[in-house]
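Peer 1: For reference, the chains in residue letters:
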Amino acid sequence: MTFTAWIKTITFYEILIGMKATMSHMVHYRPVTEQYPHEKRTLPDNYRGMLALLRYDDGTEKCVGCDLCEAACPSRVIRVVSAEVPGEPTKRYSKEYYMDMTRCLFCGLCVDACPVDALGMTREFEWSVYDKRQLHLNKEQLLAIGDRSFPVREKQLELQHPNVAFFNVAFKHLPQKPG
Amino acid sequence: MTELSLRLAVTFAQILAEMSIVMITVATMTYFERKVLGWMQDRMGPMEVGPYGLLQPVADGIKLFFKEDIVPAGANKAMFALAPMLTMVVSMIGFAVIPFGPNMTLDIFGITIKPFVVADINIGVLYILAIASIGAYGIILGGWASNSKYSLLGGLRAAAQVISYELNVGLALIGVLMLAGTLSLVQITEAQAGGFWHWFIWGGRPDGFFPIHTQIFAFVVFIISAVAETNRIPFDLPEAESELVAGFFTEYSGMRFAFFVSAEYANMTLVSCVAAALFLGGWNAPYPGTIFEYIGLEQLAWVEHIVWFAAKVYFFLFLFIWIRATLPRLRYDQLMRFGWKVMLPIALANIIITSITLYFFPR
Numbered sequence: 001m002t003f004t005a006w007i008k009t010i011t012f013y014e015i016l017i018g019m020k021a022t023m024s025h026m027v028h029y030r031p032v033t034e035q036y037p038h039e040k041r042t043l044p045d046n047y048r049g050m051l052a053l054l055r056y057d058d059g060t061e062k063c064v065g066c067d068l069c070e071a072a073c074p075s076r077v078i079r080v081v082s083a084e085v086p087g088e089p090t091k092r093y094s095k096e097y098y099m100d101m102t103r104c105l106f107c108g109l110c111v112d113a114c115p116v117d118a119l120g121m122t123r124e125f126e127w128s129v130y131d132k133r134q135l136h137l138n139k140e141q142l143l144a145i146g147d148r149s150f151p152v153r154e155k156q157l158e159l160q161h162p163n164v165a166f167f168n169v170a171f172k173h174l175p176q177k178p179g
Numbered sequence: 001m002t003e004l005s006l007r008l009a010v011t012f013a014q015i016l017a018e019m020s021i022v023m024i025t026v027a028t029m030t031y032f033e034r035k036v037l038g039w040m041q042d043r044m045g046p047m048e049v050g051p052y053g054l055l056q057p058v059a060d061g062i063k064l065f066f067k068e069d070i071v072p073a074g075a076n077k078a079m080f081a082l083a084p085m086l087t088m089v090v091s092m093i094g095f096a097v098i099p100f101g102p103n104m105t106l107d108i109f110g111i112t113i114k115p116f117v118v119a120d121i122n123i124g125v126l127y128i129l130a131i132a133s134i135g136a137y138g139i140i141l142g143g144w145a146s147n148s149k150y151s152l153l154g155g156l157r158a159a160a161q162v163i164s165y166e167l168n169v170g171l172a173l174i175g176v177l178m179l180a181g182t183l184s185l186v187q188i189t190e191a192q193a194g195g196f197w198h199w200f201i202w203g204g205r206p207d208g209f210f211p212i213h214t215q216i217f218a219f220v221v222f223i224i225s226a227v228a229e230t231n232r233i234p235f236d237l238p239e240a241e242s243e244l245v246a247g248f249f250t251e252y253s254g255m256r257f258a259f260f261v262s263a264e265y266a267n268m269t270l271v272s273c274v275a276a277a278l279f280l281g282g283w284n285a286p287y288p289g290t291i292f293e294y295i296g297l298e299q300l301a302w303v304e305h306i307v308w309f310a311a312k313v314y315f316f317l318f319l320f321i322w323i324r325a326t327l328p329r330l331r332y333d334q335l336m337r338f339g340w341k342v343m344l345p346i347a348l349a350n351i352i353i354t355s356i357t358l359y360f361f362p363r
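The listed protein sequences derive, respectively, from chains B and G.
Note that this note's numbering has the first sequence beginning at 1, numbered continuously upward.
Note that this note's numbering has the second sequence beginning at 1, numbered continuously upward.
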């Protein structure tokens with residue numbers, strides 16, 4: 001043991017350095033704590049929160065009942081009961097739409113799978129409940145989440161819009177929009 | 001009213017006042033420790049109950065009071081109930097000989113009392129050492145009576161640790177006792193009056209400044225052994241939560257648990273008081289006399305003395321928290337080797353050196 005090492009040992013040199021470190025943290029007090037219920041952290045832009053069903057700007061549901069979200073979901077969260085729109089045999093909608101959010105892992109595959117962008121991920125995450133059954137959501141609840149999280153809605157595409165007119169070959173007898 | 005009953009009443013009033021001061025200190029320390037530990041670790045500590053969490057001790061007390069009192073199956077019920085009481089009581093009665101303020105007398109209803117010390121007995125240091133040893137029995141009994149292997153291991157560790165380190169506490173105090181020539185804490189403190197160079201940590205003679213009788217090694221040994229004796233980090237082997245759940249009070253809940261915790265804080269306060277009184281001059285200010293005397297308010301000098309004593313005690317309490325925030329826990333063999341092979345020789349050498357210097361330079 002060298003002389004300097006001996007001096008360092010009997011003067012508690014290493015311990016004093018450690019105590020200086022803790023004291024400097026107390027003097028330069030910058031807590032990393034976020035007082036969660038009182039102040040909330042800023043979420044990233046691509047945050048994937050609670051799922052929601054969306055509407056067009058005229059209030060009609062976007063969902064066409066195609067079941068692709070149900071097929072895409074890895075956790076079998078979604079159950080869709082599809083039905084024809086009464087009086088319009090070529091159009092379908094989801095008669096019933098259930099999500100079991102206790103199983104959801106928020107991967108976002110259902111949102112990617114939706115062909116009409118009827119599903120969205122909101123920035124809500126405070127969904128703690130005392131009763132697990134409250135997380136079994138039906139269509140009305142999912143639409144309500146979408147209504148409060150996405151107040152600006154997409155305009156409904158006209159069936160005769162150039163982008164979708166291709167699918168409407170059977171509707172030539174209907175009056176076409178000009179342009 | 002006879003004189004005896006009057007004396008009893010006055011003494012009970014003194015004990016009540018001192019007990020409430022100690023309990024308030026304990027409650028403050030539970031809050032202060034979590035707060036300071038949080039600040040040192042870039043956290044905030046308790047913030048929810050009251051402004052800046054100031055009412056957290058009250059909330060903790062109410063919670064612990066209403067918690068279920070669980071006695072484990074197979075526990076020795078009498079010993080299980082006795083252990084927390086024993087620990088709490090002996091941690092409290094040690095304060096009886098601590099002088100909180102100057103050695104003045106007060107005439108009240110025709111009898112003379114010392115307002116700042118409950119019992120000025122002439123074996124004060126011996127009394128404190130004896131009481132601190134009984135405190136170890138509470139811990140050992142609590143560990144044994146719980147009928148749990150973790151508690152038993154914690155109790156056994158506490159036994160071995162307290163015995164090894166109490167030896168060092170006692171030996172570290174001997175130098176101070178030789179310098180003061182008395183065992184009474186009041187007279188030891190009075191021997192250090194007149195400036196910080198008369199404190200025993202510096203060790204100047206009553207007529208000189210040069211630290212010929214310095215007790216700084218004894219002071220360091222005493223502080224380290226005091227940390228070990230109060231089972232604080234880095235010597236908290238008896239309650240090592242990562243190894244032994246909570247050590248000797250694993251099975252305790254509710255008010256019994258609160259007894260153990262407040263006894264720990266009261267013990268911290270007690271060793272801080274002893275360190276302040278024996279090494280840092282107790283109630284004496286680091287300059288000769290007091291400021292109140294200089295400006296002509298001799299009646300209020302005791303306020304300044306009490307403030308100095310409280311400042312020293314709280315410095316030691318802060319030091320305990322500071323050490324806790326810095327150091328990790330020692331391994332058990334390191335703890336034992338440190339106690340017997342490092343602390344003990346230093347304490348013995350300090351006694352010898354102090355004797356030699358006292359022989360050649362008597363006070």
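Keep in mind that the hints are not guaranteed to be accurate.
Derived CB-CB ranges, DEER-like [as the list claims (entries may be wrong)]: (1) G/68 to B/133: 29 to 35 Å; (2) B/21 to G/63: 49 to 55 Å; (3) G/331 to B/21: 34 to 40 Å; (4) G/294 to B/39: 48 to 54 Å.
Hints listed in this document are in silico derivations from the structure and should not be mistaken for laboratory results.
The beta carbon of each residue, even a glycine, is placed where N, CA and C say it ideally should be.
Peer 1: Of the numbered hints stated earlier in the document, which are not met by this structure?
Peer 2: Numbers 2 and 3, in rising order.
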